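Protein chains: 4
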Amino acid sequence: MTLRFGVVGTGAIGKEHINRITNKLSGGKVIAVTDVNQESAKQAVEAYQLDAVIYPDDKALIADPNVDVVLVSSWGPAHEETVVAAVEAGKYVFCEKPLATTAAGCLRIVEAEMKQGKKLVQVGFMRRYDSGYIQLKQAIEGNEIGEPLMIRAAHRNPQVGESYTTDMAVTDTLIHEIDVLHWLIDDDYKSVQVHFPRKTKYSHANLQDPQLFTITTNRGIVISVEVFVNCQYGYDIQCEVIGDEGIVKLPEFQSVVLRKNQKLSSTILNDWKYRFMDAYNVEIQDFIDSITKDGKPNGPTSWDGYIAAVTSDACVKAQQTGEEELIHLQERPAFYSEKGLQII
Amino acid sequence: MTLRFGVVGTGAIGKEHINRITNKLSGGKVIAVTDVNQESAKQAVEAYQLDAVIYPDDKALIADPNVDVVLVSSWGPAHEETVVAAVEAGKYVFCEKPLATTAAGCLRIVEAEMKQGKKLVQVGFMRRYDSGYIQLKQAIEGNEIGEPLMIRAAHRNPQVGESYTTDMAVTDTLIHEIDVLHWLIDDDYKSVQVHFPRKTKYSHANLQDPQLFTITTNRGIVISVEVFVNCQYGYDIQCEVIGDEGIVKLPEFQSVVLRKNQKLSSTILNDWKYRFMDAYNVEIQDFIDSITKDGKPNGPTSWDGYIAAVTSDACVKAQQTGEEELIHLQERPAFYSEKGLQII
Amino acid sequence: MTLRFGVVGTGAIGKEHINRITNKLSGGKVIAVTDVNQESAKQAVEAYQLDAVIYPDDKALIADPNVDVVLVSSWGPAHEETVVAAVEAGKYVFCEKPLATTAAGCLRIVEAEMKQGKKLVQVGFMRRYDSGYIQLKQAIEGNEIGEPLMIRAAHRNPQVGESYTTDMAVTDTLIHEIDVLHWLIDDDYKSVQVHFPRKTKYSHANLQDPQLFTITTNRGIVISVEVFVNCQYGYDIQCEVIGDEGIVKLPEFQSVVLRKNQKLSSTILNDWKYRFMDAYNVEIQDFIDSITKDGKPNGPTSWDGYIAAVTSDACVKAQQTGEEELIHLQERPAFYSEKGLQII
Amino acid sequence: MTLRFGVVGTGAIGKEHINRITNKLSGGKVIAVTDVNQESAKQAVEAYQLDAVIYPDDKALIADPNVDVVLVSSWGPAHEETVVAAVEAGKYVFCEKPLATTAAGCLRIVEAEMKQGKKLVQVGFMRRYDSGYIQLKQAIEGNEIGEPLMIRAAHRNPQVGESYTTDMAVTDTLIHEIDVLHWLIDDDYKSVQVHFPRKTKYSHANLQDPQLFTITTNRGIVISVEVFVNCQYGYDIQCEVIGDEGIVKLPEFQSVVLRKNQKLSSTILNDWKYRFMDAYNVEIQDFIDSITKDGKPNGPTSWDGYIAAVTSDACVKAQQTGEEELIHLQERPAFYSEKGLQII
Ligand SMILES: [Mg+2]
Ligand SMILES: [Mg+2]
Ligand SMILES: [Mg+2]
Ligand SMILES: [Mg+2]
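Going down the list, the protein sequences come from chains A, S, X and E.
Count along the first sequence from 1, then add 3; that gives the number in the working numbering.
Count along the second sequence from 1, then add 3; that gives the number in the working numbering.
Count along the third sequence from 1, then add 3; that gives the number in the working numbering.
Count along the fourth sequence from 1, then add 3; that gives the number in the working numbering.
FYI, nobody ran anything at the bench for these hints, they're computed from the structure.
Bear in mind the structure is a predicted one, so any value in this text is a computation, not a measurement.
The beta-carbon is built from N, C-alpha and C at its ideal position, and this holds for glycine as well.
Warning: the hint list may mix true and false statements.
[To be verified] Under 8 Å between C-beta atoms, here's a sample of chain X residues computed to sit facing chain S:
hint	residue
1	D170
2	T174
3	N233
4	R262
5	K263
6	S268
7	S269
8	I271
9	K276
10	Y277
11	A337
12	S340
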C-alpha cells in the first residue's frame with residue numbers, strides 16, 4: 004500500500020519533503036501539489052519528475068479523493084485554515100510548525116479532529132525522532148538518572164539576518180525545545196522567566212541576543228535554556244537532564260577527530276539542516292508507517308501544537324515584561340492522553 | 004523508474020536486504036526470489052508481503068526478463084556461479100562478500116564483466132558508505148593530514164562461537180578492513196605479516212585471538228590492524244590515519260553521555276548490525292540511484308572483490324608461516340581504473 | 004630565606020597546610036601553632052615533627068617576633084579578630100575562607116590593612132590557582148572567545164550531612180564560584196535570583212537541593228550556577244564561559260579511559276580534596292614566593308573577601324525572598340585596584 | 004632532616020633539578036656542584052643563590068662527606084664512571100638516563116651496588132611518576148582489564164634537528180617506553196622487530212621517520228609502538244593496554260575545551276617539558292622522601308637501567324637488520340626482585 008500525499012506549499016521545506024517522499028523513503032508518493040505561487044508548484048513537479056496534479060488551491064487539493072494525506076508546508080498564517088479543512092474532509096495531515104499562529108487556532112484544530120473521532124494530525128516537530136533525544140528519553144524512562152530535577156539546554160545558530168527579531172528567538176528557535184522537552188520529561192509547563200545578558204556585538208537593532216529562559220514545570224522541574232542565534236561558531240544543540248541519580252546529556256554531533264597544529268579537534272556543524280537530516284527522514288517514514296499499519300500518526304499531536312502555541316505566547320510575554328509569566332493550559336482531553344512515539 | 008530485484012538467497016542477510024528495499028528505501032522492488040531452501044523463499048515472500056515470483060533456482064531467476072538486478076546473498080561458495088551467469092545475461096549484480104571464494108573465481112567474474120563492456124557488479128562492502136569512513140576519506144583527499152604514512156586500526160567483536168577458526172579472523176573479519184583501507188588511501192597492498200599475542204582466555208581451541216596484522220602498501224604506508232573477536236566489552240571499530248601533517252581518526256559511535264556512580268560514560272555497541280545499519284541503507288540506496296541515473300553501480304567493483312581475495316589468501320598464508328608474505332596482484336585493467344564512489 | 008609560619012587552628016585544614024608547608028613545598032616553615040584545643044596543637048607538632056612553639060592563643064602567637072606569617076585556619080567566626088590583630092602587628096596573613104562572617108567584619112580588616120599601607124592578607128580561595136581556571140582566564144584575556152556574555156556553571160557534591168542547611172549552599176559551596184567567577188571575568192556582581200527545582204529525594208528536611216542561581220554583573224553578563232550537593236554520582240565542577248566569538252569550558256578531571264562492559268568510561272572524583280589538591284599546593288607556594296620576592300601576597304585580597312561576604316549575604320536573602328536581590332558593594336579603594344595573580 | 008645533594012653536570016637538565024630541589028620541593032638542598040665547564044657550575048650557583056661548594060670534578064664532589072646524594076646530569080658517556088665512584092663511596096645516586104651507554108657498563112654499576120649490600124641508585128625515568136601511567140598501572144593491578152595481551156603506544160614529537168639520527172629514535176625517544184612499559188605490565192622483553200613506513204617529507208637524510216616497533220614479552224604480550232619525531236602537530240604520548248576483559252588508555256593531556264570557528268577543540272602540547280613537568284617533581288620528591296624514610300630510593304633501579312640498555316641495543320640492531328632480534332637479559336639477581344614504586 005502506498006500513501007498518497009498532496010503537498011500544500013512548495014517552498015524550500017515543501018520541496019525537501021517532496022524529495023524525501025519521492026527519492027529516499029518507502030511507502031509514500033506525491034500525487035498532488037499546490038502553492039499560492041503556481042509557478043513554484045509547477046517547478047516542483049518538474050524538478051522531481053512527479054506524476055502529480057497541480058491544484059489551484061488547498062481546497063481543490065483536499066477535495067481530490069486520491070489524496071490520503073495533506074502535507075502542509077505553506078506560510079505559517081495559512082496553516083490553520085488548510086488543516087481544519089483537511090481534517091473536516093477526513094484526511095490525514097502532516098503540518099509543519101506552527102500548527103496555527105494562535106492558541107485559539109490550535110484549539111479549533113483540536114476540536115475539528117476530536118469531532119472526526121480519530122487522530123489525523125501530526126505536527127512537524129522532528130527532534131523527537133533524533134537518535135540523541137531518543138536515547139535521552141530511553142535513559143529517563145529506563146530510570147538511568149532517577150527523577151528529573153533540572154534541564155540545561157542551549158540552542159545556538161551561527162547567525163541570523165536583520166529580519167529576525169527578539170520574539171523570533173521564541174517562535175522560530177526556542178519552539179523546538181518547547182516541544183521536545185515536555186515530551187522528554189512527560190510534564191507540563193507552569194511558568195517562564197527571561198534574562199537578557201549583554202548583547203553580542205554581532206546582533207542587530209531589533210534583536211536581543213543571547214537570551215536565557217528559565218521555565219518551570221508542574222512537577223517542579225526547572226529548565227534553563229540558552230538561545231543564542233549569532234554565536235558565530237556553529238549550529239549547536241545542547242541538552243542535559245539532571246536527575247537525582249545521575250545526569251544524561253546529548254552527544255556532540257559525530258565527526259572524525261583531527262590532530263593538527265597543536266589542536267585536537269572535531270567539526271561543529273554550521274547548518275541546522277545537517278544536524279537533523281536523519282530526524283526528518285525518520286519522522287516522515289514513521290508518519291507513513293504508522294498510518295499504514297495503525298491507521299493513525301504516532302508523532303506530535305494537535306494538542307502538542309496547542310501546548311507549543313500557549314507556551315510560546317507566555318515566553319514572548321515574559322520577554323516583554325521581564326517578569327515570571329504563567330503558562331495556562333486547558334485541561335488535556337482524554338482523546339490526547341494516549342502516549343505517542345513508542346521508542347524503538 | 005523502479006529497479007526490479009531478484010534475490011538469490013533468503014537467509015538472514017537476504018531478508019534484511021529484502022526488508023530494506025521494500026520498506027525503507029526508494030526506487031527498488033523485489034519481484035523474484037529463490038533459495039536452495041524453497042521454504043525459506045516462501046517465508047520471505049509472505050513475511051514482507053512481496054508481489055514476487057519464487058524461482059526454483061538462480062538460473063531461472065536470472066532468466067526472468069523482468070529482473071533488472073540479481074542480489075546475491077546465498078552461501079559464499081555459490082556466489083561465483085550465480086554472478087557469472089547473471090553477468091553473462093547482462094544483469095546488474097549486487098553480491099555480498101565474498102565475490103568468489105578464490106582469486107581465480109574473482110578473475111573469472113572480472114573477465115565476464117569486461118566482456119559485457121560495462122560495469123554491472125557491486126560487491127557488498129558497506130564500510131565505504133559509513134559516514135565516519137567517508138569523513139576520513141574527505142580529510143585525506145582534502146589534504147587535511149598531508150601524505151598518509153601509517154594506519155592503525157582495530158576490529159573487535161565481543162565474542163565468537165567455537166566454529167570460528169584462526170583463518171576466519173581474515174576471511175570473516177579483517178576482510179572489511181582489507182577492502183575499506185585500500186579504498187581510503189587509494190593504494191595497493193604489497194605484503195603482510197602476522198603477530199600472535201598471547202591468547203585471551205575467552206578464545207577457543209581452534210582460534211588464535213587476538214591477532215596483529217602488519218600490512219605494507221606500494222607507496223610504503225604501514226598498516227597495523229588488530230583483530231580481536233572475543234574482546235568481551237563490545238563491538239568496536241577503530242581506524243586512525245597518520246599523515247605527515249596530522250592525524251585523523253574515526254569518531255566513537257554516537258551515544259548519550261551519562262554521569263553516574265562516579266563514572267562519565269557512553270555506551271559501546273554490542274552488535275555489529277547497529278554499527279553499520281546506516282551504511283547498509285546508504286549502500287543499497289546508492290546502488291539503486293547510480294544504476295537508475297548513470298546506468299552502472301558506483302561502489303566496490305569486481306576488481307575490488309579480486310583484491311580482497313588475493314589479500315585474504317596472503318593474510319591466511321602469513322598466519323601459517325609467521326613470515327612476511329607478498330601480496331601479488333595482476334595489473335589493474337584500464338576498465339577498472341575509473342574512480343568509484345564520489346563522496347557526497 | 005625561609006618564611007616562618009604561625010598556624011592558628013590545627014583542625015583538619017590546618018593540619019593539611021602544616022603538612023604542605025613542611026613536607027611538600029619549598030621556602031616555608033611552621034615555627035608556631037595554637038588552637039583553642041591545646042591538645043590538638045600538641046598533636047600537630049608531634050605528627051609532623053615540627054620544631055614549633057605551642058602558644059596558648061592567637062594573641063601570643065602573633066606577638067612572637069619570629070612569626071612572619073599568621074595562617075588562620077580556625078573556626079570561621081574567630082577569623083576576623085585574629086586577622087585584624089595580625090594585620091595590626093604588621094604580619095602577613097593567609098586566612099581560610101571566610102575572611103570574616105560579615106561584610107562589616109571584612110571592611111574592618113580592609114581598613115586595618117590600608118592603615119598598614121601595604122597588602123598583607125590573602126584569602127584562601129584556591130580555585131584561582133587551578134590549572135583549568137587559569138586556562139579559562141588565559142583564553143578570556145587572550146581574546147579567544149571575544150567578550151564574555153554568559154557563564155554556565157555547576158558545583159556538585161555527592162552528598163552532605165543533615166547539618167547542612169539551605170543557606171550553606173551559598174556560604175559553603177557557591178562561595179567558591181562567587182570568588183572565582185568575578186576574578187575570571189574581571190567584573191562586579193549586580194544582582195542575584197534563586198530558583199528552587201523540585202527537591203532530590205536524597206536531601207534533608209532543612210535543605211533545598213538542588214538550587215539554581217542567576218547572577219548578573221555590572222557589564223551585563225548573566226551567570227547561571229547550579230548548586231547540587233546530593234547529586235550522588237560524584238564531585239563535579241563545571242564552568243563554561245560563553246563569549247561573542249566562542250565558548251570555553253573547564254576540562255573534565257583527568258582520568259584514564261576504560262572500555263569495558265559495553266561502556267567507554269572515565270572516572271569522576273568522589274571527594275573535593277583531590278579535585279583541587281594541586282591548586283592548594285600552588286596557592287601556598289605562590290603565597291610564599293610572592294612574599295619572599297615581592298614583599299606582598301599575590302592572591303585573593305581582603306577586598307575579595309569583602310566581595311564574597313556581600314555577595315553571599317545577597318544570595319542568602321534571595322533564597323529567602325524568591326526575588327531578585329541587588330548586590331551593593333562599596334566603591335573599590337585604589338589600594339585594591341592593582342591586578343593580582345599574574346597568570347604564568 | 005635535609006638530604007644534601009651534589010650535582011654533577013649543570014647543563015639544562017642539571018639546572019632544572021637544582022631549581023626543583025631548591026625552590027619547589029621539600030627536604031633536599033644542593034650543597035655541592037661540579038661541571039666539566041666550571042663556568043657553568045659557577046653560573047648555576049649564582050642563578051639559584053646556592054650555598055654550595057663548586058668542585059673541580061666529580062671525584063672531589065663525591066669525596067665531600069657532607070654530600071648524601073650524587074645527582075648525575077652530565078653527558079651520557081660520563082655517567083658510568085661517576086655512578087660507580089659514588090656507589091663505591093656509599094653515596095646515594097640519582098642518575099639521568101642513560102645509566103651507562105652500554106649494557107656492560109650498567110652491569111658494572113649493578114655489581115658495585117650489590118657489593119654495597121643496599122640499593123643506592125635511582126635512574127631518571129620519570130614516566131613511572133606520571134599520574135596517567137600510575138592510573139594505568141592501578142587499573143592493571145586492580146584487575147580492571149584482566150590479563151594484558153597487547154599494548155599500542157605512540158611517542159610523537161613535533162620535530163627534531165638534523166643531528167637526530169635513526170638510532171636516536173631508540174636511544175633518545177623509545178627509551179622512555181622501554182622503561183615504563185615493562186614496569187607497567189611487570190614482564191620482561193623477548194624480541195623486537197622494526198617496520199619503516201614511508202618517510203615523512205619533514206625528516207632528514209639520516210633519519211627514518213616514523214618507525215613502528217613490535218616488541219614481544221616473555222608472557223607473550225605484543226607491544227606496538229610508533230615513534231614519530233617530526234609529526235608536526237605537537238608532543239603527544241599515547242598508550243593503550245588491551246586486556247582480555249577490557250582496555251585502558253592514557254588520558255589526553257588536560258586542556259580547556261573551545262568551541263570556535265566550527266571546531267570543538269582542545270590544545271595539544273608542543274613541548275615535552277610541560278607534559279611530564281609534574282612527573283619530574285613527583286619523581287625527585289619521592290626520591291628524597293624514600294631515602295629519608297626508608298633509607299633507599301624507590302624508583303627505577305640499576306637493573307632497570309640495565310634492561311633499558313640491553314633492549315635499546317636490540318632495537319637498534321633490529322633497525323639495521325630488518326629482522327626480529329632477540330633481547331637477551333641475564334637472570335635477575337634476587338637483590339633486585341623487590342617491587343619498587345608502591346603506587347599511592
Ligand atoms: Mg519540522
Ligand atoms: Mg556487506
Ligand atoms: Mg581554600
Ligand atoms: Mg628523566
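For each hint, the structure was consulted:
This hint is violated: D170 of chain X has a C-beta 27 Å from the nearest C-beta of chain S, more than the 8 Å allowed. Among the interface hints, the one on T174 of chain X is violated; its C-beta lies about 26 Å from the nearest C-beta in chain S, farther than the 8 Å criterion. Given the 8 Å rule on beta carbons, the hint for N233 of chain X is violated: about 14 Å separates it from the nearest Cβ of chain S. At about 5 Å, the closest approach between the beta carbon of R262 of chain X and any beta carbon in chain S falls short of 8 Å, and the interface hint on this residue holds.
Hint on K263 of chain X holds. Least Cβ distance to chain S is approximately 5 Å, under the 8 Å limit. Contact between S268 of chain X and chain S, as hinted, is supported at the beta carbon level, the nearest pair being about 4 Å apart and thus within 8 Å. For S269 of chain X, the suggested interface contact is upheld, since its CB lies about 5 Å from the closest CB of chain S, less than 8 Å. At its closest, the beta carbon of I271 of chain X sits 5 Å from a beta carbon of chain S; the interface hint therefore holds under the 8 Å criterion.
For K276 of chain X, the shortest C-beta to C-beta distance to chain S is roughly 15 Å, which exceeds 8 Å, and the interface hint is violated. Interface hint at Y277 of chain X: violated, since its Cβ lies 12 Å from the closest Cβ of chain S, which is beyond the 8 Å cut-off. Interface hint status for A337 of chain X: violated, as the beta-carbon distance to the closest one in chain S is roughly 45 Å, over 8 Å. The beta carbon of S340 of chain X is not positioned within 8 Å of any beta carbon in chain S (closest approach about 41 Å), and the interface hint is therefore violated.
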